[in-house]
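Dock chain B against the given chain V, drawing on the hints supplied.
Each chain, letter by letter, is given below.
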Amino acid sequence: VVAIFTRLRHSHDPSGGVNDSDAILVSRALRDREAFAALYLRYITELGRFCLLRLHDEEAARDATQQIFAQALAGLSHYRETGQFRAWLYTIARHVLANQVSRQHATFPLAAALEAVDPGMTPEEMVSATFERHTVLDAVSRLPDDQRTALELRMAGLSGPEVAAAMGRSHDTVKKLQLRALQRLRAELVSRTTMQEVRRGA
Amino acid sequence: VERDVRDLADALDHHWDALLRGEVPAATTGLDADLVALVAGLQGVGSALPPLFPDPHQAWRELSQAPAAPTRGWSDEETPPPTWIHSNGHADLVAERGPATARPRRRGGWALGQLATAALLLLTLAVGFVAIRQSPRDERTWVPALVRAMEDAPGGIIDTPLIEATFTAEELPRGEKDAIYYQLTIPPGVSLPYLGGQYCGCSSEAITSGVGTEVVQSGAYTLRLEAPLRVQRGGSTGPSGVVPAGTDITLAAGDAVIYPDYAARGVIRNTGAEPMTLIGVAIVATEESGTPLPAAPPGVRATPLTHSISSDWKTFPPGPLNVGLRKVTLLSGTSIGPYQPVGLQASWIESGTVAHGFLPAGESAPPGAPLMQRTGSTIPFMRPSPGLRETLGGASEEPAEMLVLIIEPAALSAQSLAP
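For the protein sequence lines, the chains are V and B, in the order given. Under my numbering, think of the first position of the first sequence as 1, with each following residue one higher. Under my numbering, think of the first position of the second sequence as 203, with each following residue one higher.
Rather than coming from a laboratory, the hints here were simulated on the basis of the structure. Keep in mind it's a predicted model, so treat the numbers as computed, not measured. Don't be surprised by glycine CBs; every beta carbon is placed ideally from N, CA and C. Keep in mind that the hints are not guaranteed to be accurate.
To be verified - Derived CB-CB ranges, DEER-like:
{"id": "1", "chain 1": "V", "residue 1": "77", "chain 2": "B", "residue 2": "430", "range": "44 to 54 Å"}
{"id": "2", "chain 1": "V", "residue 1": "190", "chain 2": "B", "residue 2": "590", "range": "55 to 65 Å"}
{"id": "3", "chain 1": "V", "residue 1": "24", "chain 2": "B", "residue 2": "467", "range": "34 to 44 Å"}
{"id": "4", "chain 1": "V", "residue 1": "31", "chain 2": "B", "residue 2": "469", "range": "44 to 54 Å"}
Stated by the list, open to error - Reference listing, derived: stretches of chain V covered by chain B, where coverage requires no fewer than 3 residues with Cβ under 8 Å from a Cβ of chain B:
{"id": "5", "region": "40–46"}
{"id": "6", "region": "52–58"}
{"id": "7", "region": "135–143"}
One chain only, chain V, in its complex shape (with noise of 0.2 Å):
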């Protein structure tokens, strides 16, 4: 039983042109199994990019992709309509990391994603490119797990309110989760910049 009375509705569509919203289209799902693929359709790709950003391992993040959905599409009738479906498929998200995570113990590099740079750019611009992307999501990884999903979901494309509603956090909460978060990163990647600049010295 949830009952939100501060409705988050999702303004954007990435689904191609369909332009229903999540509850009519959660409710043909549930008449019609196959009517789910518009809802695959609409979130498969930041979800998809939120697993990546989580588990930094390409194939891991596909299966974890296909179990997210097959799971939500397994526990659609328990799904409760309350204008919040993309926030209780990031639900569903975060549990599958979670076990996924706790499985591998291990980092995981975004080889292939991360080489996958501009290929206008030179050879030691890319070197550089993929080095600081590194950096950054090395550094992102080690904030602490609120502040790091706030980020992680936020570069997945979600907007300030859709990242709340995903976390059930306020929307206030998670703007100073942001920030912390943001403070965090930069004294982190400012010590490790002087770090190499240290050990360049060296």
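Relative to chain V, chain B alone:
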């Protein structure tokens, strides 16, 4: 300073949203160049990630053609492997599907079919007539008085149920009982024997009997009990299941455990890298067992938030109890009620300020100013008093977040749901 932080957090959020919409933020007032660069960098890294599924339609076909979607196991060992066809071509985990068999069509009996259709239509009309006489919430087996009051409120309230459980009369402790609302923190790597009641700080002896429920707020909580327990994943709307006695189960933030036997022996531990914090309630017999409790390991912090007293239970009829924990967020200026609680209710204020007011029977205005409950304080259990109504309001600029514990006798809940 707090206002500066809030302004900065607002500016950052607006800036990021604008960037997400593809707009070049016109002004970045209050944001320094580092933060602006970091946001742009993170956004850039996120959007530069290649799509995991170059052909989403094909990925959907693979998923939808897989057999029954996997559901999450209740024991870590039971968690099923993925059963869809991987996009890399691995399909060894997919069970074979049998050929579809067409149902034989019945011949003849046209009149019988028409008759059946007419009967079905009549039945549908009758059921529909009954259904429209009832409100949609009547479909639910338990709607706490607080929730009904929230549903009648104009808005600005976010209600997130964390766990709802019903304990049968047989599961509940006999004789005098006490309800303890508590928070428990276990440092990473610490393991300790599960002895119901000890970490709520309510007693120095192991309890004789009781029931309880806990919701993990953060970290990884692993437990093994010598009695079955129930687990609910990801909030009260998530899937639930029973974990057999002697089975390890690990819970993550948002997961909940229900103890039909809170006095069972077992082991609990934090298997994560961060401190594990949970919030829970135990309804235990006040009768002492005579078994002294061991001291808690260093770093384990048990905080009793509030507990009931014997007289609180006097108005409770015998029978099952509904117990629920929910997170309620009140935006500034919003309020719930006046409403009349059914059973016991206690709230721990996580953040912000809540104005707690009372309206005696027959009165239309509160006799005094509301009590201001601030961050970290608890609105204690109060024995329901006939006609006494309560109000809860957000009284701080930032949203007030509270964890509300509700204990209602099932018999009274059922009465209050009657049309």
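For this session: Examine the region 135–143 of chain V: at least three residues should have C-beta closer than 8 Å to a C-beta of chain B.
Result: Per the Cβ count (3), the hint holds.
Exercise. Can the suggested window of 55 to 65 Å be confirmed for the beta-carbon pair residue 190 of chain V and residue 590 of chain B?
Worked result: Holds - the Cβ-Cβ distance for residue 190 of chain V and residue 590 of chain B, about 57 Å, lies within 55 to 65 Å.
For this session: Could you see if the CB distance from residue 77 of chain V to residue 430 of chain B stays within 44 to 54 Å?
Result: About 25 Å separates the Cβ atoms of residue 77 of chain V and residue 430 of chain B, which means 44 to 54 Å is violated.
Problem set entry | Coverage claim, chain B over the region 40–46 of chain V, checked by counting residues with Cβ within 8 Å (three needed) | holds (count 4)
For this session: State, for the Cβ atoms of residue 31 of chain V and residue 469 of chain B, whether the hinted interval 44 to 54 Å holds or is violated.
Result: 46 Å, holds
Exercise. For the region 52–58 of chain V, does the count of residues with a C-beta closer than 8 Å to a C-beta of chain B reach 3?
Worked result: With 3 residues in contact (Cβ-Cβ under 8 Å with chain B), the coverage given for the region 52–58 of chain V holds.
For this session: Could you tell me whether the CB distance from residue 24 of chain V to residue 467 of chain B stays inside 34 to 44 Å?
Result: This hint is violated: roughly 51 Å between Cβ atoms.
In terms of the numbered hints stated before, the structure departs from hints 1 and 3, listed from lowest to highest.
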